[in-house]
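Novice: Sequence:
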Amino acid sequence: MLERFSRLEKCQIVSAVLALVADLFLIVGTLTPAWQVAEDTDVNRYVQSGLWLYCPGSAQCWYIFSDNLINYYEKVDVCRFLLIGDCRKKLLRTPYFFGWHQAVLILNVVAIFFITLAAATAAWSYFQTEKRRIAAIAVDALLFAAGLSLSVSLMVFVINAEMLESKYLIGVKNTFEKYYGYSFYLACIALVLIVFSALGAVLITTFTFFVRESAPQSQAYNATPYRPEQVRWVSSALYIKGFQFITSTDFSHGEYVRPALSPTGEFQQTTRHFYSY
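Under the working numbering, the first residue of the sequence shown is numbered 1, with each subsequent residue one higher.
Please note that the accuracy of each hint is not assured.
[As the list claims (entries may be wrong)] Once the Cα atoms are required to be at most 16 Å apart in a straight line, the calculated EDC-like pairs of lysine to aspartate or glutamate come out as:
#1 K173 x E9
#2 K10 x E165
#3 K178 x E162
#4 K178 x E9
#5 K167 x E177
#6 K173 x D40
#7 K131 x E39
#8 K173 x D42
#9 K167 x E9
#10 K173 x E162
#11 K178 x D42
#12 K178 x E39
I should point out that these hints are in silico values taken from the structure, not numbers from a laboratory.
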């Protein structure tokens with residue numbers, strides 16, 4: 001099936017598909033809350049902490065835009081490290097969001113925008129062949145920007161997730177360590193797919209600017225081998241299948257004698273006559 005596409009078109013299709021799959025994975029990872037997960041055995045609940053959602057077990061999920069608690073822990077340093085008195089009670093019943101959650105969320109949204117635009121540009125260049133050079137440069141730049149945004153996003157998340165105030169879940173009696181959930185790994189897979197899509201974009205640029213593409217195999221001319229039964233001898237003219245006429249040989253002075261065919265359809269060996277020397 002892919003034989004009817006040229007190498008450039010194959011690279012365009014593969015790069016666009018990889019970008020779309022990466023976009024889907026990153027969207028799902030950003031929307032779901034399982035970036036950090038922990039098992040609170042004190043109350044038998046599975047806690048999921050995302051970039052904008054906090055789901056404490058079977059209870060209703062809280063989202064980051066519910067109130068102004070995003071900077072609550074950063075303003076109250078005593079609550080963040082000592083967790084005493086009313087601060088501990090406040091911590092147990094409020095979402096666990098910090099300023100870097102919002103930064104990671106914004107970077108993910110920016111990466112999603114760049115990936116979507118890159119996939120659309122790659123698809124557009126497939127149909128608009130006269131704009132392929134501009135589209136190739138645009139796809140390279142967009143995928144590079146998307147990969148850079150997502151890389152910075154994941155680095156910010158990992159660095160801050162290992163901090164003391166983010167790594168542990170404070171339970172009623174005990175403290176539980178948080179682990180990376182499936183949402184984080186979906187974003188990591190999206191980054192890998194973006195890298196492969198960017199490699200495909202580099203090949204697109206190479207084929208567009210430096211390689212002269214030949215016609216696809218299905219469009220290539222398939223020459224029919226010579227068969228004697230396809231040749232007819234009519235008077236002094238030779239035609240193949242009634243389309244191509246070959247006139248009789250001209251023996252004028254100084255000209256080369258062309259190969260001739262006998263009535264049986266076989267080639268006869270010809271030489272120069274003495275007038276051509």
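Novice: For each hint, tell me whether it holds in the structure or not.
Specialist: Consistency of the hints with the structure:
Restraint check: the Cα-Cα separation between K173 and E9 comes to about 61 Å, which exceeds 16 Å; the hinted pair is violated. A distance of roughly 48 Å separates the Cα atoms of K10 and E165; the hinted pair therefore is violated under the 16 Å criterion. A C-alpha spacing of about 9 Å is found between K178 and E162, which places the hinted pair at or below 16 Å, so the restraint holds. Using a Cα cut-off of 16 Å, the hinted pair K178 and E9 is violated, with the two alpha carbons roughly 45 Å apart.
Taken as a hint, the K167 and E177 pair is honoured in the structure, with Cα atoms around 6 Å apart against an allowance of 16 Å. Of the pairs offered as hints, the one joining K173 and D40 holds, with about 10 Å between alpha carbons and a cut-off of 16 Å not exceeded. Restraint check for K131 and E39: the C-alpha separation of about 54 Å exceeds 16 Å, so the hint is violated. Of the supplied pair hints, the one linking K173 and D42 holds, its CA atoms being roughly 7 Å apart against a limit of 16 Å.
The straight-line distance between the Cα atoms of K167 and E9 is roughly 47 Å, outside the 16 Å bound, and the hint therefore fails. For the hint linking K173 to E162, the alpha-carbon distance of about 22 Å lies beyond 16 Å, and the restraint is violated. A C-alpha spacing of about 15 Å is found between K178 and D42, which places the hinted pair at or below 16 Å, so the restraint holds. For the hint linking K178 to E39, the alpha-carbon distance of about 8 Å falls within 16 Å, and the restraint holds.
Checked against the numbered hints listed earlier, the structure breaks hints 1, 2, 4, 7, 9, 10; every other hint is satisfied.
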